[in-house]
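One-letter residues, chain by chain:
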Amino acid sequence: MTIQLEIVSAESEIFSGAVNAVIAPAIMGDVGIYPKHTPLVTQLKPGEVKIEIDGEEDQYIFVSGGLLEVQPDVVTVLSDTAIRAEDLDENLALEAQSKAKEALSEKAGEIDSARALAELAEATARLRLIEKMRKA
Amino acid sequence: MSGAKQIRTQIASIKNTQKITKAMEMVAASKMRKAKERMSATRPYASKIKSVINHLASASSEYKHPFMVARPEVKRVGMIIVTSDRGLCGGLNANLFKAALKKISALQEQNIEIDLSVIGSKGMAFFRRISGVNVVSHVSHLGDTVHVADLIGSIKVMLDNYTAGTIDELYLAENEFVNSMTQAASVTPVLPLPAEASEERAHHWDYIYEPTAEEVLDALLVRYIESMVYSAVVENVACEMSARMIAMKSASDNAGGLIDDLQLAYNKARQASITQELSEIVGGAAAV
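These protein sequence lines map, in sequence, to chains V and X.
Quick note: the first sequence, position 77, residue 77 per the numbering used here, numbers continuous.
Quick note: the second sequence, position 260, residue 260 per the numbering used here, numbers continuous.
Bound conformation, chain V alone (with noise of 0.2 angstroms):
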């Protein structure tokens, strides 16, 4: 007997096909999913998928959390792309606030490009330095 299982994320879809068992690592301690199992809908904490197929070697597939959704003959792992946290995501959130000030409070273009340029070309000359220091 065996259950259909999607795992898709927001970018790809992963795997497609019939399975006899899926273990995913769920938020609340890792559960196995047979078929005929109960719905159910957890979230997932990053961790590996374990799938069984009969005379097949077990596979193993990474995800970075997401939500398992079980259905009586269906199975769906929606994956997240990234590793998620509410302080990660803080960050980010943080950093796109700021682009929009830096680019509010730019001046000329292509002046700005000029000095972009200049203060690259400056840190990758420190950065080498750096470099040098250490190996030496």
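It is worth saying that the hints were derived from the structure and are not from the lab.
This structure is a prediction, so every number in the text was calculated from the model and none was measured.
Glycine is no exception: its CB is placed at the ideal position from the N, C-alpha and C atoms.
All the pointers check out, no bait thrown in.
Now the stretches of chain V that chain X is said to cover, found in silico as 3 or more residues with beta-carbon under 8 angstroms:
| id | region |
| --- | --- |
| 1 | 5 to 11 |
| 2 | 23 to 37 |
| 3 | 41 to 51 |
| 4 | 87 to 94 |
Fit chain X to the given chain V structure using the hints.
For chain X alone, kept in the frame of chain V given last:
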């Protein structure tokens, strides 16, 4: 002969330009194919997450997530604008700006203020010059292969503002990929999520939720909106490539036409100078 020489150098320079536009056309065509594949790859996730949300919303009716509740009074709205990083793609960005501005001015007439989240540097270059809008977050230089992680921050700013009550509605201004010749700019509402009347309540079953229905719904809704914005960005890449392909194709064609005209002018100039030389020789011989 100087006229003919000038024309010749002009033809050579236009030919060089034509080579570049032709190359860009072909690059855009192959990138468009890849972008279209990525576009279709986003669909299963979006549709799956949508169906779970619909089910959750109808199953746990006592819990109303703020994302699903319409606010009675709208004072300030957010808009996420998806633009490209690079130009040379016809009227793609300009059409989107037009659609977005139309919506913005309609909102401003109702005394509603606007917060923008701009994706792509073309949009930033445009909206920093527009008065009366407030750009709260910005992300650019995503490249042709966009990742959800690049967009999380920008979207979170808007979602946090919505949760905090700073904005009461959220829109998404995006280009829709109709086919490889046509792109349509549109502004679609994102928040509050339209409550879909599901008639499937007849079969009464519910999920087991871990940890709780509320937490699962929270996580799902954020991901759903992220996937909406993500697919808009991926779609915009496909639009950008197809618009560039068409723009470069017409540029190459125009260059071809120009070269033909110049070639004709060059031939005429060459003929004229030969005729002149001949008549000078004949004239000289007659004088002797």
